[in-house]
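Protein sequences, first through last, are from chains H and W. By the count of my numbering, the first sequence reaches residue 120 at its end, each step adding exactly one. By the count of my numbering, the second sequence reaches residue 133 at its end, each step adding exactly one.
Keep in mind that the hints were calculated from the coordinates and are not lab data. One thing to keep in mind: the hints can contain errors.
[Claimed, not checked] One side only, chain W facing chain H, incomplete, derived with CB under 10 Å:
hint : residue
1    : G60
2    : Y66
3    : G77
4    : S80
5    : H123
Glycine included, every Cβ here is placed at the ideal spot set by N, Cα and C.
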Amino acid sequence: QKEVEQNSGPLSVPEGAIASLNCTYSDRGSQSFFWYRQYSGKSPELIMSIYSNGDKEDGRFTAQLNKASQYVSLLIRDSQPSDSATYLCAVGHGSSNTGKLIFGQGTTLQVKP
Amino acid sequence: GAGVSQSPRYKVAKRGQDVALRCDPISGHVSLFWYQQALGQGPEFLTYFQNEAQLDKSGLPSDRFFAERPEGSVSTLKIQRTQQEDSAVYLCASSLVGPNNQPQHFGDGTRLSIL
Numbered sequence: 008q009k010e011v012e013q014n015s016g017p018l019s020v021p022e023g024a025i026a027s028l029n030c031t032y033s034d035r036g037s038q039s040f041f042w043y044r045q046y047s048g049k050s051p052e053l054i055m056s057i058y059s060n061g062d063k064e065d066g067r068f069t070a071q072l073n074k075a076s077q078y079v080s081l082l083i084r085d086s087q088p089s090d091s092a093t094y095l096c097a098v099g100h101g102s103s104n105t106g107k108l109i110f111g112q113g114t115t116l117q118v119k120p
Numbered sequence: 019g020a021g022v023s024q025s026p027r028y029k030v031a032k033r034g035q036d037v038a039l040r041c042d043p044i045s046g047h048v049s050l051f052w053y054q055q056a057l058g059q060g061p062e063f064l065t066y067f068q069n070e071a072q073l074d075k076s077g078l079p080s081d082r083f084f085a086e087r088p089e090g091s092v093s094t095l096k097i098q099r100t101q102q103e104d105s106a107v108y109l110c111a112s113s114l115v116g117p118n119n120q121p122q123h124f125g126d127g128t129r130l131s132i133l
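One chain only, chain W, in its complex shape (with noise of 0.2 Å):
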């Protein structure tokens, strides 16, 4: 596709349980981000990867949270043992090169709620 897909759209889960969400980045997107959006607020960013480098991991909340891009294309935010606050939208940027400078573009994001 021509954008960032992202899936699931909707996610619910309850807490405790373990939930995967993926990222297909735009074809050639050698870097890609993934963010975190509550409600109201901008997005936090949560970790980096260039090809299938995670360079920087530094917002990721809790040794819960997980991210891999095993061979530079498509990346999976793993959450384990969900809680409440981990209710929001993940969202999954992706650019052409890194680092800085570069214009990331968006996905529609994976809405988590936890019961």
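Chain H on its own, in the form it takes in the complex (with noise of 0.2 Å):
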């Protein structure tokens, strides 16, 4: 099992929609969780992070995190086909003490015009 699960993809959704990206975990240790948007050829782009249980906004991204499940998502409402990316779910690793990021494979994201 992989410390960091996501599902590939790609998600495609028309513009408009809400687009909901999936992350789980395994290190129930873990303290900290980020989403990151990279664009093919950039470099992760940090959106949300969220530290406790329950929604964190932040304009059209919302944040959710549910500790007990070891799971974390993001909405993307009303999508834009400048949201077509790659979505990396990246967890603080729980026992260590040096916050390095334990990242998912990443998740594509279409968003169709």
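Dock the two chains into a complex; use the hints.
Put into structure tokens, the structure is as follows:
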């Protein structure tokens, strides 16, 4: 079992729809969770961080965390073609004191006009 | 500059050559990380510095990989006797303070190709 798992996709949604991206993790000691967006050939760009159970909203993005279920998700409302990218879920390594991130393999999102 | 700066952006080397990849973190960022990203995969942790101290090198794949940050700012990742499996994008990230809970900001990476 991988430490951080994501469906590789592609996830295809029409423009204006809600895109739902999911991630599960295995380390119960993890305390920090991040979503990065990566366009092809570019570096990962931080879009959301979440540390507590519940929802965190920032513009069109909502991150949801459920530590009991070891599950974190990202919702993108009113999806735009410019949102088409790979979304990486990253989890702070729980038993490490170094802050290293464990990444999933990423989910490719395609928003169709 | 405002962001993490990496150089070179692209590096082509012949198998067996040594390479050096440079990372200039965001000014004032204490923590610096190196990751390796293979095609179609998420980044994988290589090593971590807090200031000049290398506190975690558990992700370095072999003793051919060496990283340093002598003055607590710029870091260099060196790969000796390169092999084809070293071909990947090498990403550097920095964060304001370590360890956990601080968002990491990535540079554009160095795309390394070993022929």
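* To do: Hint by hint, work out which the structure violates, then give me just those numbers in ascending order.
  => Hint 4 is the one this structure does not satisfy, whereas the remaining hints hold.
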